[in-house]
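Colleague: So the protein sequences, as listed, match chains Z and L. Take the first sequence: its position 259, counting from 1, is numbered 259 in my numbering, and each next residue is one higher. Plus 1000 on top of the position in the second sequence (first one is 1) and you've got my numbering.
Since the hints were derived computationally from the structure, they do not count as laboratory data. Because the structure is a prediction, the values reported are computed rather than measured. Check each hint, because a few of them may be wrong.
Claimed, not checked - Which bits of chain L does chain Z cover? Going by a derived footprint, with three or more residues having C-beta under 8 Å, they are:
1. 1028-1036
2. 1041-1047
3. 1055-1062
Claimed, not checked - Anything over 12 Å on all C-beta distances counts as not near chain L; from chain Z, calculated:
4. A3
5. I4
6. Q28
7. N75
8. A77
9. A179
10. R190
11. L193
12. P255
13. L277
14. A344
15. K405
16. E430
17. V431
18. V439
Heads up, the beta-carbon is just placed ideally off N, CA and C, and yes, glycines get one too.
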Amino acid sequence: MSAIERFDLVIVGAGPAGMAAADTASQQGLKVLMLDEQIRPGGQIYRSIGHTPIQDRSVLGPDYYAGEKLLAGLNQASLERLQGATVWEVREDNTLCFSVGGESRRVGFDKLLLATGAQERPAPFPGWTLPGVMTCGAAQILLKTSSMVPNGPLVIAGSGPLFLLIACQLLRAGVEIEALIETIPRANYRVALPELAGALRGWRYLIKGAKMLAEIRRYKVPFYKGVDQIRAEADSEGNLSEVIVQHGQEQQRIPCRTLLSHQGVIPNTQLGRAIGLEHSWDEVQLCWKPVLSEQGVSSHPDILVAGDSAGIGGAVVAEIQGQLVADAAARSLGKAGMPEPQRAGLKQQLSQQLAIRPFLDKLYRPAEAFIRPVDETVVCRCEEITAGEIRGLVELGCSGPNQTKAFCRSGMGACQGRQCGTTVSALLAEVQEKPIPDVGYYNIRMPIKPLTLGELASLNSYTEQRD
Amino acid sequence: MAVDSSYKRVSHQPAGTVQLMVEGQMIEAIAGESVAAAVLQTGIRQTRTTPVSEAGRAPYCMMGVCFECLMEIDGVPNTQACMTEVREGMVVNIQRGSRSVSGESV
Ligand code: FES
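Pulled out of the complex, with its shape left as it was, chain Z reads as follows (with noise of 0.2 Å):
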């Protein structure tokens, strides 16, 4: 046996989930690690929180700051944690390796924790390649960071609450709109109206998202409807000078130093899926989501997921599953756990929170431009691959994600696919007329980002020095 120092639980990713999990797991004497890829934690919701340069509590919203709450629950809890860490293998023998300052160490576990959150879902458009072009997050992020927001003129484009709330928080701030564009389908609206019903548990939600499309009403912005589809164009330069609303027959060009664009989000299941964890495809929220047990756990039976890496669920929802699936992982290393009207308290809450879900996974499903772009639109932004060029691959006899690799490099570049991955899934489908899980995903492989050498090395003089 080595020396490598062993914890009973590792978390990867200090947002809502993993802040919850951390202070439950603590509480129950639990020996913690929490490795977090960002300079704060926080997530990308509760980005920022506690330091924020943003003095006005307006601007973000009272959401913002419930996280608040998590972070001093994580600062008072016992346990170690490392920010900017970055974890880039999980060996068969429940050790992980992680590089944190140009370092590389390995620690053992008992117990290992992904919440390692969502990202957005790429959603690639003619032109969405060009600098000026960002996702709706990434201005969000400047803003709780860096108090930074967008010079004009500013087009936001897509849906989602993500795309209304950086809106009214950009409003807030004091920025001008140039234009909102929702691309929401008519059919959505039909499609989703049977699950208001069920909706209504989670009226809260509902009420937020009103209040939301009066305050851009009240500041007037020119808000299009129904747009089918937007295309990006360049200057002489290279850069965004413009967008190009699609609306039925109509077009409409409108100039733009900036375009935030936004389709929601998708779990962030790159980690799972290189430690090889079973995945499925849900159509509904398309995207894949780990296949988890109620308890949390994946495939592989000392690996636990939760918040939005298990599927999108939000905020609420993955502070409530941080911490039931890190009291299941303290019952399981044989401590006692949280007292049962707590937890059944919390399982309750659960179902509430998510109940919503099915209204808005059904709303707010992107429209068909995005999920299977036209052909002259990029996928694959590292390799600079072309949608027609994944179709076209079909013919040359490429049937999966991975032969594609081989084929063109898509997937191949720094990000591994995940900006192309459910793209290329979806467009091989289509081609081959088959259903998107029977063409699958990419296999992912380790390490999940690149390493420097000396990142390597470190890790070589690490473990020789220890074992």
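Dock chain L with the ligand against chain Z, hints included.
Modeller: Structure of chain L with the ligand alone, referenced to chain Z:
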């Protein structure tokens, strides 16, 4: 700050700033923010050019998943600017083109 920048600050705590060199120009950043955020308020619109077509690119996700923000930071190419915290005296440069600069990473 350059008038032509893509982003501007709306409020600013006076405490905790650091100076860094971006493309040969000294700029001020808020301690604890990312290099990508600091660069976006300089007027630089393209933070790298691609190896394949040498098209200009800029930070896209700001959360570490798109790898569009790769820059040369303190001499190390292919560094994610959105995941790197600004530090006093840091030297940041645009990453230009070819894959060959990735010699350092594996
Ligand atoms: S901006 Fe996407 S990884 Fe840095």
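Colleague: All hints, please: hold or fail.
Modeller: Hint check results:
1. 1028-1036: Held - the stretch 1028-1036 of chain L has 4 residues with a Cβ nearer than 8 Å to chain Z, which meets the minimum of three.
2. 1041-1047: holds (count 4)
3. 1055-1062: Per the Cβ count (8), the hint holds.
4. A3: 27 Å, holds
5. I4: 23 Å, holds
6. Q28: 30 Å, holds
7. N75: Per Cβ check, N75 (chain Z) is outside 12 Å of chain L; nearest 16 Å; holds.
8. A77: Per Cβ check, A77 (chain Z) is outside 12 Å of chain L; nearest 22 Å; holds.
9. A179: Non-interface label stands for A179 (chain Z): nearest chain L Cβ at 18 Å, farther than 12 Å.
10. R190: R190 (chain Z) clear of chain L: closest Cβ-Cβ about 32 Å, beyond 12 Å.
11. L193: The claim holds: L193 (chain Z) sits with its nearest Cβ about 33 Å from chain L, beyond 12 Å.
12. P255: With a cut-off of 12 Å, P255 (chain Z) remains clear of chain L, as the shortest Cβ separation is near 15 Å.
13. L277: Its Cβ never comes within 12 Å of chain L, the nearest being 19 Å, so this holds.
14. A344: About 35 Å separates A344 (chain Z) from the closest Cβ of chain L, which puts it past 12 Å; holds.
15. K405: At about 15 Å from chain L, K405 (chain Z) clears the 12 Å cut-off, so the statement holds.
16. E430: 24 Å, holds
17. V431: V431 (chain Z) is indeed farther than 12 Å from all Cβ atoms of chain L, at 24 Å.
18. V439: Holds: least Cβ distance 22 Å, greater than 12 Å.
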